[in-house]
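Protein chains: 2
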Amino acid sequence: MKPVKVGVLGLGTVGGGTVNVLKRNAAEIARRAGREIIITRASAKDLNKVRICDTEGIILSADPMDIINDPEIEIVVELIGGGGVVKDWILKALENGKHVVTANKSLIALHGNEIFAKASEKGVIVAFEAAVAGGIPIIKAIREGLAGNEIEWLAGIINGTGNFILTEMRDKGRDFDDVLAEAQALGYAEADPTFDVEGIDAAHKLTILASIAFGIPLQFDKIYTEGISRITRLDVEYAERLGYRIKHLGIARKTPEGIELRVHPTLIPERRLIANVNGVMNAIVVRGDAVGNTLYYGPGAGAEPTASAVVADIVDVARALTSDPENRVPHLAFQAESLSDILVLHPDNFKTSYYLRLCTEDKPGVLADVTRILADHNISIEAIIQKEALPDETLIPIILLTQITLEKEMNAAIAAIEALDTVNGKVNRIRLETLENK
Amino acid sequence: MKPVKVGVLGLGTVGGGTVNVLKRNAAEIARRAGREIIITRASAKDLNKVRICDTEGIILSADPMDIINDPEIEIVVELIGGGGVVKDWILKALENGKHVVTANKSLIALHGNEIFAKASEKGVIVAFEAAVAGGIPIIKAIREGLAGNEIEWLAGIINGTGNFILTEMRDKGRDFDDVLAEAQALGYAEADPTFDVEGIDAAHKLTILASIAFGIPLQFDKIYTEGISRITRLDVEYAERLGYRIKHLGIARKTPEGIELRVHPTLIPERRLIANVNGVMNAIVVRGDAVGNTLYYGPGAGAEPTASAVVADIVDVARALTSDPENRVPHLAFQAESLSDILVLHPDNFKTSYYLRLCTEDKPGVLADVTRILADHNISIEAIIQKEALPDETLIPIILLTQITLEKEMNAAIAAIEALDTVNGKVNRIRLETLENK
Chain A
1 MKPVKVGVLG LGTVGGGTVN VLKRNAAEIA RRAGREIIIT RASAKDLNKV
51 RICDTEGIIL SADPMDIIND PEIEIVVELI GGGGVVKDWI LKALENGKHV
101 VTANKSLIAL HGNEIFAKAS EKGVIVAFEA AVAGGIPIIK AIREGLAGNE
151 IEWLAGIING TGNFILTEMR DKGRDFDDVL AEAQALGYAE ADPTFDVEGI
201 DAAHKLTILA SIAFGIPLQF DKIYTEGISR ITRLDVEYAE RLGYRIKHLG
251 IARKTPEGIE LRVHPTLIPE RRLIANVNGV MNAIVVRGDA VGNTLYYGPG
301 AGAEPTASAV VADIVDVARA LTSDPENRVP HLAFQAESLS DILVLHPDNF
351 KTSYYLRLCT EDKPGVLADV TRILADHNIS IEAIIQKEAL PDETLIPIIL
401 LTQITLEKEM NAAIAAIEAL DTVNGKVNRI RLETLENK
Chain B
1001 MKPVKVGVLG LGTVGGGTVN VLKRNAAEIA RRAGREIIIT RASAKDLNKV
1051 RICDTEGIIL SADPMDIIND PEIEIVVELI GGGGVVKDWI LKALENGKHV
1101 VTANKSLIAL HGNEIFAKAS EKGVIVAFEA AVAGGIPIIK AIREGLAGNE
1151 IEWLAGIING TGNFILTEMR DKGRDFDDVL AEAQALGYAE ADPTFDVEGI
1201 DAAHKLTILA SIAFGIPLQF DKIYTEGISR ITRLDVEYAE RLGYRIKHLG
1251 IARKTPEGIE LRVHPTLIPE RRLIANVNGV MNAIVVRGDA VGNTLYYGPG
1301 AGAEPTASAV VADIVDVARA LTSDPENRVP HLAFQAESLS DILVLHPDNF
1351 KTSYYLRLCT EDKPGVLADV TRILADHNIS IEAIIQKEAL PDETLIPIIL
1401 LTQITLEKEM NAAIAAIEAL DTVNGKVNRI RLETLENK
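Line by line, the protein sequences are chains A and B.
Mapping of the first sequence onto this note's numbering: residues 1 to 438, in sequence order.
Mapping of the second sequence onto this note's numbering: residues 1001 to 1438, in sequence order.
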């Protein structure tokens, strides 16, 4: 079969990794794909920069339009990232009848509906495996591998930086700020770490996962997002003593009332496999009604792991070049005309268990007041730990685990507890999920 | 699009589960596949038997040929299992131009080369996701999701019964025979447990995984297979104290000398995720040169988990009905004409580390003799534990961990150790793999 010509936009970490993988494994990839896959052109902002990849045989341009307008190129691989003009380039490539492969999670999460509509109109494919969880083929697993299931929920560690920080806090008893500074020094976290530690990056990925799991449009603005910066060393330690680990999870769950979409720190039982996913690694648990719980684990970032997903998409697209568009796997797993407008729930209506930590004065009746307030809001208690006051301290920490409750009841209960004279400061609240096989 | 008509051969556990999943999730599946998937016919040996599935609307036959010869049926789903006449039925279905979906691991492992050749000749697909690791989409992950990688090795817990037995031995300090009897009572293990505990079932699955990972023909007869019946409670306990768990792994590894294909009990560091896969669950670690280590976890058997894989295959085939055969994903991941005849190594040439347990008399110089023999065979020692003799016992157990060594050197060393007057009985040898991220 005739070789497939590919143009790459962007030769940074992922772009360079993709060139390297496609060159190094060219023979192995051709043995699989049944044809050669050749990068004929690439664009980069600065043509004179030293790169991680060898660009011999590739025509370089500063202008991505040189690639988008090349009639020989069938697949445009967008590895620049971000929005604005990048979105315009992708739309222009689709307009020109090119298939597009991208690792751009924010672009897909925020503008995917528009991009997929344009692709469908032109009968071409937009592939985005690399946009979620790097090298883990999670899009393919959910969209094709679990196609026989009604997906009930999924929960994932989908931001490596956040998981590195929480792992270090647990393993070494370190504080959040201290580990964050190290993550920045190691290059895991950006100078502005908001995207990672406040859960925005995870929310982009969860937007995509929820859409392909439930057949709903991409709805980034409906995701409840909470970061890990409020988690203290004490919380990590108390969770541990109770048999839990704290992980920053993206959770999508179908309930009879609607869909919960939420990113937040979560206590999970330490015996769950995902509780043991450490460092910068990612993992996603997907529960289907037929298959039960499955888990997918691997590196969520990095040049070659991300390139692995990009190249797999290129091979898929190469195989589908001559297929009828209607017989292809739909972009969002479900046929575009079958997407569902099922309600995405307001956080008030989330149902989950909680870990609560409060500081109280060492007086009789404090615990009675707290438990009375919880009972008044129909919140059942699973466990209570009341610690002794430290020397020179007059305040006593109380840790509570609750059963599943409605979030608005919990918000009201927390407000009432914080209003007690005997309770000092804020209640630290972390959600708890058992992720059971049911 | 017009509905796809499917015929099912066999209405036992997996067949019944497949009917149930296809009926229950019909709407969800149609939203994904863009067309209805309808089971119009099914065959079963005993038509009057009470079944786990509702067969309303399905024409039942005692003779599979009624389905294989029905011109309306496009996809034949074989869920009878085993060989002999089942193989003939599959070949006849292919001959009739039907696509085939099967969960039959022994048939694919033993006769897949012939079956795929026939399918290619007729331009039809044989899909077999359900043949390995039940509901885990591992075939798809390796064949498509990691298509950009050179696969370096894979290691999997691919027999649930064996993993259940090893998990119980560890968790409850029970003996092999005792747990096996329980597994049989629970229905996990067959009355004749040889297939599971001696590793034959795992070897069937490893045959398939190795083929799609490395692009080699199916070569079941070249797999080294060792069961778990020689593992004792003591081994499990000593492994634990050294920081390891014992798992029954199927391992395929590419080395500069050739390919290692082996199924055997294996010590793995307890901090590896796969060491924490318990009970009847399956998991496979796949290492690719670009992606690094990825892991796939889920239920490896059962009616609906297996049906999940079968239905995913049916959806895939439905989408590929009108595609050019040359643009489809090749049966064994690599183009049939590109399969490699790379050497599969004889066990003598395997390279791995070892755990050795021996019983010695309580005399000076025993340890010196043993370590001298190992040194003479170029075997380096990683750790030694010499236990005290139990009361009323004169024999002392010695446990050794070695560094990586050539298997034929180890065999010679063990023979020499067993010939020592001061060593009692056999040396219990278990291979050890670190499964590191390199």
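Any given hint could be a false lead.
Which stretches of chain B does chain A cover? Using the computed rule of at least three CB atoms under 8 angstroms from a CB of chain A, they are [what the hints assert, rightly or not]:
hint	stretch
1	1070–1081
2	1086–1098
3	1178–1190
4	1290–1298
5	1314–1321
Label pairs and their in silico Cβ distance ranges [as the list claims (entries may be wrong)]:
hint	chain 1	residue 1	chain 2	residue 2	range
6	B	A1027	A	E361	20 to 26 angstroms
7	A	R233	B	D1324	56 to 62 angstroms
8	A	D178	B	E1388	26 to 32 angstroms
Everything labelled a hint here was simulated from the structure, so no lab data went into it.
Cβ atoms here follow ideal geometry from the backbone N, Cα and C, with glycine treated the same way.
Hint check results:
1. 1070–1081: violated (count 0)
2. 1086–1098: violated (count 0)
3. 1178–1190: violated (count 0)
4. 1290–1298: holds (count 9)
5. 1314–1321: Check passed, 6 qualifying residues.
6. B:A1027 <-> A:E361: 20 to 26 angstroms: Given range 20 to 26 angstroms: violated, Cβ gap about 58 angstroms.
7. A:R233 <-> B:D1324: 56 to 62 angstroms: Hint holds: Cβ distance 60 angstroms, inside 56 to 62 angstroms.
8. A:D178 <-> B:E1388: 26 to 32 angstroms: Distance hint for A:D178, B:E1388 is violated at roughly 45 angstroms.
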